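4 protein chains.
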Amino acid sequence: MFIQLKFDSEVPIYEQIKQQIKIGMAKGTLQPGERLPSVRQLAKDIGINLHTVNKAYQQLRDENFLLIHRQRGVVIHPDGAPKTDEIHKETLKAELAPIIADAFCREMSENDFLSVCYEIFKEMKGGSSDG
Amino acid sequence: MFIQLKFDSEVPIYEQIKQQIKIGMAKGTLQPGERLPSVRQLAKDIGINLHTVNKAYQQLRDENFLLIHRQRGVVIHPDGAPKTDEIHKETLKAELAPIIADAFCREMSENDFLSVCYEIFKEMKGGSSDG
Amino acid sequence: MFIQLKFDSEVPIYEQIKQQIKIGMAKGTLQPGERLPSVRQLAKDIGINLHTVNKAYQQLRDENFLLIHRQRGVVIHPDGAPKTDEIHKETLKAELAPIIADAFCREMSENDFLSVCYEIFKEMKGGSSDG
Amino acid sequence: MFIQLKFDSEVPIYEQIKQQIKIGMAKGTLQPGERLPSVRQLAKDIGINLHTVNKAYQQLRDENFLLIHRQRGVVIHPDGAPKTDEIHKETLKAELAPIIADAFCREMSENDFLSVCYEIFKEMKGGSSDG
DNA sequence: GTGGTCTAGACCACA
DNA sequence: GTGGTCTAGACCACG
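Residue numbers (this note's numbering), protein chains in the order written: chain V, 1 to 131; chain W, 1 to 131; chain L, 1 to 131; chain R, 1 to 131.
There could be a bad hint or two in this list.
Intra- or inter-copy, both count: the list cannot distinguish identical chains.
To be verified - Simulated crosslink set (DSSO-like; lysine-lysine; CA at most 30 Å straight-line):
| hint | residue 1 | residue 2 |
| --- | --- | --- |
| 1 | K27 | K44 |
| 2 | K89 | K27 |
| 3 | K122 | K44 |
| 4 | K27 | K55 |
| 5 | K44 | K83 |
| 6 | K6 | K122 |
| 7 | K55 | K93 |
| 8 | K44 | K89 |
| 9 | K44 | K55 |
| 10 | K122 | K89 |
| 11 | K125 | K55 |
| 12 | K83 | K122 |
By construction, these hints were calculated from the structure, which means they are not laboratory data. Being a predicted model, the structure only gives us computed values, none of them experimental.
Let the sequences and hints guide you as you build the complete structure.
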């Protein structure tokens, strides 16, 4: 399975799972409508408790990234993720502000910062074929 | 004091304090060598526990953003924050990746994303000169 | 067939089938004595498991909405549904209370709420005669 | 405590808790900003597991009925519940349709149905003082 | 088989 | 003290 966890991270495991799934969706590794492993299967694969996986799945469903389908199990939302809007943009600014403040204090130039973003975007757009 | 807390946020209060101080430093509201309120004073001002403020100060000291003098109290590090390096850049990428993945899934364009970053940078650069 | 299912709903499929049949009966699309598709046929039509359809039919029979003849198959009860009584009224209140509480909390006016009910009733009454 | 559970109900316990809290809010028993018992306390009071209470609280927080406050614990949202809107109205119609269809099939008159709604509203508006 | 619910108990972060 | 996370294992509803 595509999930790589850091068990010694401060980021909760269920949060890491959410992030990895979103990254998979961004890179195209996970396509809309595609089925994800069952909670039990994924839990077994990565050696954690099924409730932890379930929590990640539930929250992604609440965010409309996933559908929990009576027949097909857990799938990537066929319509893709919800589209960006003002609320998302505000959330984004609130998330970025402290990160950028930190970088700014460290005298990282705006260009250097934007380059980092650019690189990450490139990985998403180009998928893994470029890597 | 300039600290604005959200007590119903998921972000711990000590973390919010750290962020606000860094934002203050980025905007120039807080200058190198400038003295911060004492732990007790700040705790009283914003109506929180003294240990919470202390934790924020301690961690900022560990990150070399602050100096804690036994006599002169807590001051912004005279040399400013530590400079960006490879370690910081890697940390930054790890922080940004899930945020960008989320934005990418929501079909936010790279330009729109970079604009948001640009805006935030502008607030830092223009910061106190406008005020 | 007139059944529209949402496979990603929290409502179980057999429950959705029951609801749709009752709505059909209320709108007059389904008349007393009218024959319904066989379990196998309906299951095939909507692409679900045979047991699911069966469960819905069985429960509607237990509620006296349907008759299941060994020969003539499944039919809408010739006498129509059982009539409302005190038991039904109590059940109804128990079902409505949390829904109304929710609407009340959201400051929906009593008139607005009753209007919604009125609209739904109108669809039932006007139902098939318009079609 | 004000929560009354039916352990033999089909409605999940956490759902009953949610409903009871909303009813309390509607009746004014629970006021905006008022503190709720801690998960552990409430769990102990009604003799269930703390995770079950937590699930109810979490979902009510997600619906913006509650705030989980770093200092005051779990409180009724100071602004009250989110206001009704088109989304809520659609949800409401979807919830009411099968209930009304059932009543309609049982030949309950529209007036009788609206009377039941009226009674429930009266309990909310008048609080318990009328009862 | 799937996910949903509930229990039980542990440990940690936070204030 | 609070809520948050994670584990473990049970039972049930569903399809």
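Cross-check of the supplied hints:
no. : hint        : result
1   : K27 to K44  : within (25 Å within a copy, 38 Å between copies)
2   : K89 to K27  : both (21 Å within a copy, 21 Å between copies)
3   : K122 to K44 : neither (32 Å within a copy, 47 Å between copies)
4   : K27 to K55  : within (23 Å within a copy, 33 Å between copies)
5   : K44 to K83  : neither (33 Å within a copy, 36 Å between copies)
6   : K6 to K122  : within (24 Å within a copy, 35 Å between copies)
7   : K55 to K93  : both (26 Å within a copy, 26 Å between copies)
8   : K44 to K89  : neither (36 Å within a copy, 34 Å between copies)
9   : K44 to K55  : both (15 Å within a copy, 24 Å between copies)
10  : K122 to K89 : both (21 Å within a copy, 17 Å between copies)
11  : K125 to K55 : within (28 Å within a copy, 38 Å between copies)
12  : K83 to K122 : both (20 Å within a copy, 26 Å between copies)
Consistency with the previously given hints fails for numbers 3, 5 and 8, ordered from lowest to highest.
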